[in-house]
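2 protein chains.
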Amino acid sequence: MIRVGVNGYGTIGKRVADGIRLQPDMQLIGVAKTRPNFEAETAAQKGYPLYSAIPERSHQFTEAGLDLHGEVTDLVDESDVIVDATPSGVGAENCSLYEAHDTPAILQGGESPDTVDESFVAQANYDDAVGADLLRVVSCNTTGLSRLLEPIDREYGVDKARATLIRRGGDPGETDRGPINDILPDPVTLPSHHGPDVQTIFPDVDIDTLGVTVPATLMHLHSVNLTLESAPSVAAIADLLSRQSRLFVVPPELSIDGTAKLKEFAKDAGRPRGDLWENCLWEESIAMEGNDLYLFQSIHQEANVVPENIDAIRALVGHKTAAESIALTNDRLGLNTTQQYTRSHQHGSPQPADD
Amino acid sequence: MIRVGVNGYGTIGKRVADGIRLQPDMQLIGVAKTRPNFEAETAAQKGYPLYSAIPERSHQFTEAGLDLHGEVTDLVDESDVIVDATPSGVGAENCSLYEAHDTPAILQGGESPDTVDESFVAQANYDDAVGADLLRVVSCNTTGLSRLLEPIDREYGVDKARATLIRRGGDPGETDRGPINDILPDPVTLPSHHGPDVQTIFPDVDIDTLGVTVPATLMHLHSVNLTLESAPSVAAIADLLSRQSRLFVVPPELSIDGTAKLKEFAKDAGRPRGDLWENCLWEESIAMEGNDLYLFQSIHQEANVVPENIDAIRALVGHKTAAESIALTNDRLGLNTTQQYTRSHQHGSPQPADD
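Taken in order, these protein sequences are the chains called A and B. Quick note: the first sequence uses this note's numbering, first residue 1, plus one each step. Quick note: the second sequence uses this note's numbering, first residue 1, plus one each step.
FYI, nobody ran anything at the bench for these hints, they're computed from the structure. Glycine included, C-beta positions come from ideal geometry on N, C-alpha and C. Hints may be right or wrong, so weigh each one.
Just a few of them, taken from the derived set where beta-carbon distance is under 8 angstroms, the chain A residues facing chain B [said to hold, decoys possible]:
id, residue
1, G170
2, D171
3, N181
4, I183
5, V205
6, D208
7, L218
8, N225
9, T259
10, W282
11, S285
12, N291
13, D292
14, Y294
15, F296
Chain A regions said to be covered by chain B (calculated; three or more residues, Cβ under 8 angstroms) [stated by the list, open to error]:
id, region
16, 13-19
17, 186-199
Kindly generate the complete structure, drawing on both the sequences and the hints.
In structure tokens, the structure reads:
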């Protein structure tokens with residue numbers, strides 16, 4: 001049993017905590033929070049032991065009627081692994097705490113790759129992470145690009161990758177974000193950080209990325225161009241991608257025209273919080289022009305790094321192989337509920353995933 | 001004096017009519033409208049003779065207190081050239097009327113290229129249009145791509161063009177358009193029509209385009225990649241582009257971060273309706289990676305084909321050369337008011353435009 005603590009219980013932390021609770025080989029020791037709010041209340045209702053991330057504010061929890069199990073130092077001490085889901089920059093500051101307790105930790109994509117031993121995407125470099133002290137699960141966009149690049153580069157070779165990331169302005173709960181009714185080059189200077197970040201996972205892939213931010217909150221959308229070393233058929237690419245367990249190749253029959261219907265579909269399918277843990281890739285968008293592959297995929301920024309965080313926990317302690325961990329994570333999260341649509345469409349009957 | 005009638009007085013028609021009134025070699029005979037509304041009222045206030053586009057509805061104008069000068073057939077009969085700015089598909093239906101009166105006409109980009117003798121972008125193929133019966137001013141996005149491609153292809157050679165068009169959902173006045181809080185592949189099947197449409201202007205350019213629609217109304221934004229036959233410096237490209245009179249290379253000093261500030265700038269500069277007739281191209285976004293040029297540009301969908309429509313009138317009757325027409329149109333519209341910012345930034349002092 002891997003004893004796991006989650007430091008930071010916001011958008012990512014609460015999803016990772018829920019995911020950890022579903023794993024047969026993990027025990028959620030507790031979650032650390034900076035202050036009592038609706039998320040602390042629901043954590044308490046779920047029975048998650050609460051720890052105060054800022055000792056000076058511990059009394060606020062008591063005043064709000066919430067029992068504290070200790071300070072964040074206690075959580076780090078009692079855990080085999082910490083998932084740090086604090087805001088960008090705070091994770092790096094927390095590293096000395098983790099090191100002082102000799103507790104390996106997983107940071108999020110907002111931290112610098114230089115802070116950690118390895119940047120991590122389960123399907124790409126799980127084995128490199130075994131035994132590390134500090135891992136970084138790369139950002140949602142970088143994870144999304146990496147999941148797509150891995151099978152295509154392995155199967156056909158990627159000569160050059162180019163992607164325009166149409167980024168949501170903020171998450172649904174981030175009321176202080178924008179833009180309203182605008183389209184912003186973001187960043188205006190090229191390339192965006194995503195290309196170099198992908199190279200922390202695939203050092204040899206030549207990739208240029210551009211970012212644009214728009215007034216939407218549900219998901220990102222990637223306009224992807226991969227110049228391949230050969231010219232496979234669209235059907236062959238669709239087949240390859242449909243066999244990746246964390247790519248949902250959206251069949252035309254579902255009549256899903258954008259990110260809102262993707263989220264509606266996830267809610268109808270009973271996904272917790274309507275989460276989409278997998279890249280959502282429109283099958284109809286897959287096109288070849290010479291050696292140039294084009295496609296659209298959407299990335300649910302709140303959810304798609306959740307399975308990677310869970311796999312990263314196992315990678316740090318080395319309990320399972322990549323394939324074992326990915327399969328177990330997928331199964332316990334319920335990630336395969338969308339795959340059946342792809343499988344039945346592509347193959348007529350379910351086939352085993354090829355990660 | 002070229003006698004010009006404008007059939008269709010909506011988003012494009014009203015702007016073209018205003019532009020025609022400013023030209024020393026044109027006379028606005030009148031504008032045809034299907035029904036009285038606020039646009040008909042302001043046309044009457046400006047003294048534009050009103051014609052009824054649908055005879056059965058003529059009485060509605062009288063009932064609204066608006067004087068009619070005749071039916072649309074009268075307008076066609078009295079004009080040397082008609083600018084048809086009716087909704088997509090209606091222009092093609094109107095062609096028999098123009099042919100019956102032997103009046104050359106200019107259609108808009110929503111019509112099929114097969115309907116007309118030539119598709120038109122002033123900087124690219126003005127001379128091909130001289131003496132035609134039916135011209136088509138290509139759509140705002142195609143005009144925007146063509147204006148960018150022309151100087152770069154001429155100077156450096158474009159081996160391959162790729163663009164993702166992040167499209168506004170509708171114009172500010174189009175209250176029945178969407179999306180709200182969504183990002184839509186549009187179209188989801190690739191390529192979008194824009195690439196083939198650019199090839200009506202540049203048949204030899206290899207171009208793939210992708211379209212995405214977002215909840216914004218102000219302008220489109222293009223994420224552009226051009227693989228060049230050589231690798232010029234960023235400074236050389238910025239200099240080349242800043243010398244094109246219908247490209248506004250936005251200098252960093254203006255602190256314009258997106259489409260909303262571009263429009264605010266145009267309004268502050270006293271532009272009618274806050275119109276941006278030129279491509280707005282972020283200088284900071286110009287980047288070279290090997291032979292790959294990247295940049296962002298925004299296109300004001302309501303305005304950027306207005307100068308092309310005015311040049312198309314002259315091209316049809318053959319009164320002036322391309323350079324003469326473009327210079328006159330720019331001067332009379334007041335298009336050069338943004339160029340001064342680019343010129344002073346790039347060159348220290350104003351230089352003549354090189355179209």
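How the hints compare with the structure:
Using the Cβ-Cβ criterion of 8 angstroms, the hint placing G170 (chain A) at the interface with chain B is not satisfied: the shortest such distance is roughly 11 angstroms. Given the 8 angstroms rule on beta carbons, the hint for D171 (chain A) is violated: about 12 angstroms separates it from the nearest Cβ of chain B. Against a cut-off of 8 angstroms between C-beta atoms, the interface hint on N181 (chain A) holds, since the closest Cβ of chain B lies about 5 angstroms away. Taking 8 angstroms as the C-beta cut-off, the interface hint given for I183 (chain A) holds, the closest approach to chain B being about 4 angstroms.
The beta carbon of V205 (chain A) is not positioned within 8 angstroms of any beta carbon in chain B (closest approach about 13 angstroms), and the interface hint is therefore violated. Taken as an interface hint, D208 (chain A) checks out: its beta carbon lies about 5 angstroms from the nearest beta carbon of chain B, inside 8 angstroms. Against a cut-off of 8 angstroms between C-beta atoms, the interface hint on L218 (chain A) holds, since the closest Cβ of chain B lies about 6 angstroms away. Hint status for N225 (chain A) relative to chain B: holds, with the closest Cβ pair at about 6 angstroms, below 8 angstroms.
For the restraint placing T259 (chain A) at the interface with chain B, the shortest Cβ-Cβ distance is roughly 5 angstroms, inside the 8 angstroms limit, so the hint holds. Hint on W282 (chain A) holds. Least Cβ distance to chain B is approximately 5 angstroms, under the 8 angstroms limit. The closest approach between the C-beta of S285 (chain A) and any C-beta of chain B is roughly 5 angstroms, which is under the 8 angstroms cut-off, so the hint is satisfied. For N291 (chain A), the interface hint is violated, since its Cβ never comes within 8 angstroms of a Cβ in chain B; the closest pair sits about 11 angstroms apart.
Checking D292 (chain A) against chain B by beta carbon gives a least distance of about 7 angstroms; that is within 8 angstroms, so the hint holds. Residue-level restraint check for Y294 (chain A) holds (minimum Cβ-Cβ distance to chain B is 5 angstroms; threshold 8 angstroms). Below 8 angstroms, beta-carbon pairs count as interface contacts, and F296 (chain A) has one with chain B at about 4 angstroms; its hint therefore holds. Counting residues of the region 13-19 of chain A whose beta carbon lies closer than 8 angstroms to any beta carbon of chain B gives 0, which falls below the threshold of three, so the coverage claim is violated.
By the rule of at least three residues with a Cβ nearer than 8 angstroms to a Cβ of chain B, the coverage given for the region 186-199 of chain A holds, with 4 such residues.
Checked against the numbered hints given earlier, this structure breaks hints 1, 2, 5, 12 and 16; the rest are met.
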